[in-house]
Amino acid sequence: MNTISLDGSWTLRSPQHPELELECKLPGDIHSALIKQGVIVDPYFGCNEDDVQWVGESDWTLTKNIHIAQQWLCASAIELQLSSVDTTADFYVNEKHVLHCENMFQHYRIDILPFVLAGVNEVKIVLSRNDLVAKNRSKKQPLPIPWAVGNNKIPHMNLLRKTQCHAGWDWGICLMVSGIYDSIKLQPLYQTKIHQVVTSQQWPDDHRCILKIDVEYECLTAGQQEHMLNITFDSQPHVIALNGNEIGRFHYQHEIEVIQPRRWWPVGYGDQPLYPLSVQLHDCCITKKLGLRQLTLYTATDQYGSAMTFIVNGLPIMAKGANWIPVDALPSRQTPARYQQLLGDAVAANMNMLRVWGGGMYEQDIFYELCDELGLLVWQDFMFSCALYPSTPDFIEDVVSEIAQQIDRLSDHPCLALWCGDNEVIGAINWYPESKTNRERYIVNYDRLNRKLAELVHTRDPSRTFWPSSPCNGDLDYGDAWHHDDKGDMHFWDVWHSGKSFDAYCKIKPRFCSEFGFQSWPSFPTVKTFSSEEEWNITSPTFEQHQKNSRGNSIITEMFTRYFRFPNNFQHMLYLSQVQQALAIKTASEYWRTNKHICRGILYWQLNDCWPVSSWSSIEYTGRWKQLHYHAKRFFDPQLVTFIHEDDQLTLHLINDEYRDISYCARIMKISWAGSLISEDFIDGTITTDIAIPLWNEILQLESADNKCFFYHVTCQCDDKIIENTYCPVVYKQAKLITCMIEWQVIEKGNELCILLDSDYPALFVHLEYNGDGIFSESSFTLLPSKIIGAKKQVTYRGEATLEQLRDGLKIYDLSNSF
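In this text, residue positions in the sequence shown follow the UniProt record's numbering: the first is 1, and each later residue adds one.
Among these hints, one or two may not hold up.
[What the hints assert, rightly or not] In silico lysine-lysine, DSBU-like type, Cα no more than 30 Å apart, as pairs: (1) 64 with 25; (2) 708 with 733; (3) 140 with 96; (4) 811 with 708; (5) 436 with 452; (6) 736 with 670; (7) 135 with 548.
The hints are simulated quantities; they were obtained by calculation from the structure and are not laboratory data. Remember, it's a predicted structure, so these values are computed and weren't measured experimentally.
With these hints in hand, go ahead and build the complete structure from the sequences.
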């Protein structure tokens, strides 16, 4: 395609800082350019966040000269193509104003032919201060619109169509970034233009899919007898002659019958075949990869309330995964490699769904393309979160354009499972004084906007469900979805925000839990990336700057006192916080999975971090897996074995998410902390498809003093893999642990580095931590002495370290040595 890319070097200036004139790369953000040129310090280190706030409090100008060839002036139009413009921006060509932008989530296409000359042309972008724009908009509202106080540090961010967490969140740094985060292009258009290609699928039966391809195009000139539209699907060409006698916009719909289609499945349920589609009209070409599949959300009333189950290709799916926030607070660092790593790590932890949270951004194309390839279903929030929003005609008009564009952009991705209206906005009506005292008025205000979102989904993507809000109990239901577990999706925060113990997770049986979480501190290697040694203390200024939840450090520390003996140094505090986080999410996930006939979705908060911080994530900003992510790999495994203690019964459950029978052989051991085998039982059999069953039970009196002296451990072979789990009948601070001596060595085994481990006594939460990059096949596990299991434990390292580097940089933690 004949285009000019405007990517690359631009000249950056600021009217408030005339001394500055430097290079800025686009796509990119202003902060990153200033960091690269040494104008500002790394905002992620120490307390530097406070020192860079002036950047967001300034206007910025970007200029670039481009060359326009003489023959381009013969085109019908020269289209400037833009997206991810953050946020309030004006574009000038040769000092003539050509475009005003005020919505980061919109795509802009503007004809600049009337403004260009043959030869050199100047393009100028003026980025205005977003905080002042938001403040000025607040003065024009017909009623007060409460903003996300407690999360945003900048007022009235909810009035801007911009990533809400750029102004800070309870895990996010406040950097009011601005810039352009997608490629900028100029394209000459001569005869025609393709505006949009959207497909839909119909399934007459299991063996046929009717693919409908809707092409919206424009004839820019008249008088040509025919325009040849070339559609290629799965290497099969289809050539269609279109009438070229009229100027205007038109639609053409083409149908292709696919016999015996190869179906797309979520990971863990089947393969992810993708069919290539190409639509070309003269110089315009749009390419896509399509997955052929059926997907519905089943919400019928049943004996437990109302179901919330995703059904793909006729099979109910157990949704397992996490919530996704923006990859980085500095958009220049949102690279394809980062997306590949994070999404690959989600699949490695046996996840099959991610929720794109409504306070972030509609993700880049590469995110959805990778989810298609990997089989990760996407719950897609629209970008509204934890605040109220206007329903004025101008705001709704802007949002309608945004949502229509995003639906058209994303609807052809097989990974996309659901459109959700917002994050916690229904609940936010009850949070703010203005709306609490006049609730009916603000419900009407909410419904005006939310109904418009629903209409857009119903008309532009009727194949998918519109879910009004997360959490909610269903359409037009404004009930308390934080505490009602019998219908809809639930956000369960009683453990973190309300201070309940972990067993509170076992008091509910949600139909679908789309948010729940518990914080931890970062690992020691990550702490060293943002803090100097004198700040290695959880109450140091740096550490508190990297804790954005006002009660976060107190909650973590207080929960220590309930479950564990207090750690003996800073590193063990970090370690134990991650043990505690993993234990919280493990408790909930395993209990809900044993009730899979009720609960069909578990998405914990949150997968990733956008900077190095204390947070609810299972993967640190550096890419390091927290202990939670290693546990998630086990508790999201398609086969899970777990102990559940209810009343005086300890029951061992086996769960199978796959649609095939699995043979199993379980060894249940009762072991003293001294390492002696008290008793053991063996059970074998076959577990059928998509079910949770009890395998074994034993009466266990909680008040017995003997409970401090032993624990249970199970190893279960399911076909050709071994799964394990451990149960301690008392809180860990009461258990009579014996301080372990763990022996380990690093060896080469083929092309891999392996760590062999053994212990003189049973060791809990044995965690491997390497100073450099890489992950382990397992970590944060129970290590039984080889005298019990007959062999040393073997763990594989995956990374770039040499044997010597791994041996010298490896640290082994366990619970008995943490206090």
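Here's how the hints hold up against the structure:
1. Of the pairs offered as hints, the one joining residue 64 and residue 25 holds, with about 11 Å between alpha carbons and a cut-off of 30 Å not exceeded.
2. The suggested pairing of residue 708 with residue 733 holds, with an alpha-carbon distance near 9 Å, which does not exceed 30 Å.
3. The straight-line distance between the Cα atoms of residue 140 and residue 96 is roughly 29 Å, inside the 30 Å bound, and the hint therefore holds.
4. As the CA atoms of residue 811 and residue 708 are separated by approximately 28 Å, the hinted pair is consistent with the 30 Å bound.
5. Of the pairs offered as hints, the one joining residue 436 and residue 452 holds, with about 24 Å between alpha carbons and a cut-off of 30 Å not exceeded.
6. Between residue 736 and residue 670, the direct Cα distance comes to roughly 15 Å. Compliance with the 30 Å bound is thereby established for this hinted pair.
7. About 24 Å separates the Cα atoms of residue 135 and residue 548, which keeps this hinted pair within 30 Å; it holds.
In the structure shown, no violation is registered for any of the earlier numbered hints.
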